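K.L.:
In case you want the letters, here they are:
Number of protein chains: 4
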Amino acid sequence: MLVVMNKDATAAEIRRVVKKIESLGLRAVPMPGAQRTAVCVLGNKGPLDPSFFNQMRGVKEAIPVSRPYKMVSRETRPEPTVVRFGKEAIGGGGVALIAGPCAVESEDQCMRIAAAVRKAGAKFFRGGAYKPRTSPYAFQGLGEAGLKILGRVRDRLGLYIVTEAIDHEILFRVADYADIVQVGARNMQNYSLLKAAGRCGKPVLLKRGMSATIEEWLMAAEYIMSEGNPQVILCERGVRTFADHSRNTLDLSAVLVVRQLSHLPVIVDPSHAAGRRDLVIPLARAAVAVNADGLMVEVHHQP
Amino acid sequence: MLVVMNKDATAAEIRRVVKKIESLGLRAVPMPGAQRTAVCVLGNKGPLDPSFFNQMRGVKEAIPVSRPYKMVSRETRPEPTVVRFGKEAIGGGGVALIAGPCAVESEDQCMRIAAAVRKAGAKFFRGGAYKPRTSPYAFQGLGEAGLKILGRVRDRLGLYIVTEAIDHEILFRVADYADIVQVGARNMQNYSLLKAAGRCGKPVLLKRGMSATIEEWLMAAEYIMSEGNPQVILCERGVRTFADHSRNTLDLSAVLVVRQLSHLPVIVDPSHAAGRRDLVIPLARAAVAVNADGLMVEVHHQP
Amino acid sequence: MLVVMNKDATAAEIRRVVKKIESLGLRAVPMPGAQRTAVCVLGNKGPLDPSFFNQMRGVKEAIPVSRPYKMVSRETRPEPTVVRFGKEAIGGGGVALIAGPCAVESEDQCMRIAAAVRKAGAKFFRGGAYKPRTSPYAFQGLGEAGLKILGRVRDRLGLYIVTEAIDHEILFRVADYADIVQVGARNMQNYSLLKAAGRCGKPVLLKRGMSATIEEWLMAAEYIMSEGNPQVILCERGVRTFADHSRNTLDLSAVLVVRQLSHLPVIVDPSHAAGRRDLVIPLARAAVAVNADGLMVEVHHQP
Amino acid sequence: MLVVMNKDATAAEIRRVVKKIESLGLRAVPMPGAQRTAVCVLGNKGPLDPSFFNQMRGVKEAIPVSRPYKMVSRETRPEPTVVRFGKEAIGGGGVALIAGPCAVESEDQCMRIAAAVRKAGAKFFRGGAYKPRTSPYAFQGLGEAGLKILGRVRDRLGLYIVTEAIDHEILFRVADYADIVQVGARNMQNYSLLKAAGRCGKPVLLKRGMSATIEEWLMAAEYIMSEGNPQVILCERGVRTFADHSRNTLDLSAVLVVRQLSHLPVIVDPSHAAGRRDLVIPLARAAVAVNADGLMVEVHHQP
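Listed in order, the protein sequences are those of chains A, B, C and D. Just add 53 to the spot in the first sequence (first one is 1) and you have this note's numbering. Just add 53 to the spot in the second sequence (first one is 1) and you have this note's numbering. Just add 53 to the spot in the third sequence (first one is 1) and you have this note's numbering. Just add 53 to the spot in the fourth sequence (first one is 1) and you have this note's numbering.
Note that these hints are calculated values from the structure, not bench results. In this text, all values refer to a predicted model and were calculated from it rather than measured experimentally. Glycine included, every Cβ here is placed at the ideal spot set by N, Cα and C. Don't take every hint at face value.
Unchecked claim - To give an idea of the chain D side of the interface with chain A (calculated C-beta under 8 Å), a few residues: (1) Thr134; (2) Ser245; (3) Arg293.
Unchecked claim - Computed list of lysine-lysine pairs in PhoX-like fashion (alpha-carbon distance at most 20 Å, straight line): (4) Lys172(C) with Lys140(C); (5) Lys98(B) with Lys184(C); (6) Lys113(C) with Lys184(B); (7) Lys113(C) with Lys140(C); (8) Lys98(C) with Lys184(B); (9) Lys184(A) with Lys201(D); (10) Lys98(C) with Lys60(C); (11) Lys201(A) with Lys113(A); (12) Lys248(A) with Lys98(D); (13) Lys98(D) with Lys72(D); (14) Lys113(A) with Lys140(A); (15) Lys113(A) with Lys73(A); (16) Lys255(B) with Lys140(B); (17) Lys113(C) with Lys248(B); (18) Lys98(D) with Lys60(D); (19) Lys255(D) with Lys201(D); (20) Lys201(D) with Lys98(A); (21) Lys201(C) with Lys255(C); (22) Lys98(D) with Lys184(A); (23) Lys201(B) with Lys248(B).
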């Protein structure tokens with residue numbers, strides 16, 4: 054259920070709606086929009102009766118929400134979410150460029166790559182300090198030392214930092230250094246991590262799981278939003294199929310469908326989808342062609 | 054094995070290479086290129102000794118072919134194949150537009166749609182006279198009456214006709230009317246059909262099978278080429294995956310990988326991939342962004 | 054629509070129902086069952102009014118059929134179809150064993166393998182005279198000479214012959230020699246082949262396509278049955294997935310679901326699913342555990 | 054690298070091998086087997102020279118390990134791992150039965166179901182106290198209160214308890230109550246959770262991820278073993294494919310392939326694979342037919 058307020062509804066009227074919802078044993082989350090505020094009702098098992106709210110002062114209408122996700126839905130918020138970073142933004146029209154190495158290896162490596170990607174127009178720098186690795190014997194990242202290097206990249210070059218958190222404890226440490234906290238594909242349904250991401254106070258980049266449906270992906274975003282964090286950026290990175298000519302099959306229709314269903318920005322990571330250097334640039338162009346809000350690409354200084 | 058001739062090799066020198074190959078119990082197919090002719094050796098079970106050919110007059114070099122397909126391979130022919138239709142072409146740079154209804158229903162329907170798509174810039178008209186249907190109880194197409202309608206569309210509007218053949222007998226009838234004979238996704242490994250397509254004297258549009266690998270798709274094209282028809286156009290139309298938000302998952306990386314492996318032109322059918330009208334135009338833009346040689350789209354006059 | 058007749062309905066009463074159906078411009082196919090006859094109505098676009106038939110003499114009831122397939126459906130025929138071969142049968146309880154080489158290579162090879170599989174309890178001999186091959190340069194089978202060898206295997210050893218037809222012309226030649234005509238996975242939606250199979254007068258073994266849904270598979274069987282051939286045997290042989298440890302992923306739940314939806318017998322081919330010799334026997338045991346009506350296995354005399 | 058000791062190697066000889074390995078800056082994990090001890094070398098980037106160890110006293114041979122996983126590999130330990138619980142065991146021949154409800158709802162519910170499954174022969178009781186849910190608004194489990202109920206089931210009925218941990222903090226709390234700690238499919242690549250599972254001192258049931266390859270699954274088990282926990286039980290529960298007639302496609306060939314590659318026991322969960330009650334029993338029979346070491350089934354008292 055979504056209680057849509059009049060354009061000129063007062064703060065007191067909104068408060069009364071919130072109290073009414075809470076008096077029913079449910080949760081109320083006011084979501085201010087460009088035109089009006091809507092109050093999202095969470096926690097109801099079955100459908101609610103709109104007449105509970107339709108007569109209240111300041112209420113335009115109470116509308117049932119038909120999707121299993123609520124806060125991420127376009128039904129709840131018709132205008133697109135724009136996540137702002139100083140003068141930069143993800144969502145709302147432009148194509149944000151996030152670039153950098155797979156893993157943070159050294160300060161020298163990061164500074165060289167960061168200088169290059171800034172020159173190429175990127176405003177966001179990516180690099181992993183904590184790396185989720187298939188093998189326990191592979192390099193697992195520099196950890197906090199890596200985060201400190203990323204912090205110095207931001208200070209020196211003015212780039213916004215995107216870096217991954219791999220569990221809910223590490224997430225809060227990551228959030229101290231990052232401008233955007235990344236939740237990786239393997240953790241898309243790690244709900245403890247998603248809940249922490251919802252309470253970390255930083256924008257979250259949520260990658261699509263390797264074989265996640267659109268609904269599962271949006272439900273993962275709902276976990277983050279339902280903990281109070283409205284700043285979620287979705288990232289398509291290819292899905293696992295029978296096809297063996299690229300690492301994953303980039304699913305650009307997902308960008309289009311997500312945009313219809315949700316107000317959240319969607320970016321595309323062609324590097325992980327392709328797993329082959331020669332495919333990255335044309336797939337990035339294709340992502341722009343479907344109006345992705347940004348690109349996330351891997352850059353090596355000694356590829 | 055590919056026997057590459059010198060630029061100035063004479064017809065007699067080429068003939069001698071062909072005879073030499075045939076004397077080994079193998080098949081020889083000369084493939085004239087922009088710069089030089091190469092003679093493709095078919096039918097050998099294991100690797101051949103290049104010294105059989107390297108000493109012959111007019112031979113530049115004999116090179117082993119490492120892929121299971123030969124005639125479709127870029128190793129055999131580095132320059133792109135361009136299929137020409139009067140002043141129009143598929144391959145070699147532009148974006149050919151093929152548009153029309155799913156099925157030919159009546160002359161009136163076809164003429165209306167054909168006039169509209171011609172106005173929109175299409176030079177090719179598609180429409181099914183023989184329809185492969187999941188259900189035996191569904192409309193199976195107008196058959197030869199449909200082919201005749203398509204012939205009148207060509208005569209009256211000057212559009213080139215693309216239409217599907219669903220078995221090897223029907224294929225020769227279709228080739229009498231069509232400018233391009235289509236082999237559909239369900240028939241991509243119908244080898245009797247592919248062999249007939251190789252002997253029909255018309256360019257062939259070969260759709261990728263629903264779960265075909267790139268190699269299987271190129272091998273299907275090899276069937277057509279090995280019967281003597283060099284004019285094959287490949288068409289990516291989405292593959293079957295777990296994803297349920299679109300009918301198929303459009304695999305644009307396939308366009309890129311095919312172009313590296315083969316000299317054949319590749320077009321994209323976003324309508325069948327999406328199965329939803331709202332996704333067709335952005336996916337078509339994405340196809341152009343990966344340098345597809347053309348687009349094939351379904352158009353209804355009363356959608 | 055299915056018009057179910059009374060147990061004691063007369064032939065004249067059935068004929069009148071058929072005529073009534075035909076007078077509506079539709080097709081009628083009487084399907085005699087163990088208890089009673091049902092008349093299947095084909096060709097209607099929308100739902101029919103049961104009252105057309107409910108008042109007719111000999112009619113028990115007219116029931117709408119909710120599935121897109123009709124003749125293959127358990128709604129149409131509750132008792133299982135049993136396909137009989139002399140004293141042998143496929144369906145109805147036992148586990149039929151079909152064994153033999155991938156391709157017919159020589160009479161000597163076939164006789165040796167046939168003798169061995171007969172000793173091991175097989176009553177059915179398989180072997181390909183026409184082979185659908187990914188590569189045009191691979192051995193395509195002995196053709197009619199292979200069929201003749203198979204005929205001699207039957208004559209000498211008393212095994213029933215299962216062999217594949219790869220197009221609708223070849224199918225009638227195959228039907229002259231085979232006891233069961235096989236339609237392979239790549240041809241599951243080759244509708245010209247399916248229609249020919251429906252008119253060939255021999256039982257048909259229909260393999261599931263590489264990425265066919267249950268509904269598509271049953272619709273392919275419906276094509277065969279709707280041409281007048283009630284003797285269809287379904288064969289699960291694994292589907293294409295991301296998994297790379299076996300050639301295909303054997304889908305045993307398909308056997309169970311098909312048995313619920315259809316009266317047709319279902320067998321399992323573990324050899325093609327696994328693509329690895331060591332998996333064949335345990336997967337065959339698993340197929341028996343889900344009550345498959347038979348097994349189809351590849352046997353080499355010099356593996 | 055695996056340093057295999059002689060049958061009669063002394064503890065001192067083993068210690069010297071461990072020290073030698075550590076002196077190279079690598080990790081050594083002695084793995085006692087039925088016949089002999091092998092010392093697993095972890096942490097080397099490239100291949101090691103066997104001559105480092107071949108001359109040492111008590112060493113039979115030093116053999117390179119060819120797979121990316123080491124401790125889970127049959128190369129490292131040819132005999133099967135048997136996980137023992139009093140007189141019960143998982144692995145080594147029998148079919149262990151793990152049964153119980155999806156979620157712990159109340160003590161009454163658990164006691165009723167537990168009594169029933171014990172009567173049916175189960176020695177292990179499953180039930181979720183922490184539930185990973187697609188929706189943040191769904192019941193997330195009773196948490197620690199649920200664990201206490203499970204503890205009382207064990208005390209009163211003598212069943213061993215299997216229950217899931219959903220993050221690395223909760224895991225240690227779960228391990229206080231559980232006899233087997235479950236890591237669910239969505240968390241198969243949650244490496245913080247896997248590492249905690251490796252240090253929890255209880256056997257771990259590791260479900261296969263929804264689209265995990267065999268190698269990724271075994272690498273996840275390697276994470277647990279490399280932290281010092283040799284008691285890992287693998288659980289196949291179906292993979293995500295295009296097929297829509299069952300929730301997941303049960304991949305029984307995975308049981309067979311895992312058994313070849315690894316010494317760890319493998320069980321099967323037909324309930325989650327099928328997602329339909331009517332398929333569970335036949336799929337369980339099929340799992341036994343491929344020699345699964347156990348079954349895990351969902352049981353409702355009011356289904």
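K.L.:
Of all the hints given earlier, name the ones this structure violates by number, lowest first.
P.N.:
Numbers 1, 6, 7, 9, 10, 11, 12, 14, 17, 18, 20 and 23, in rising order.
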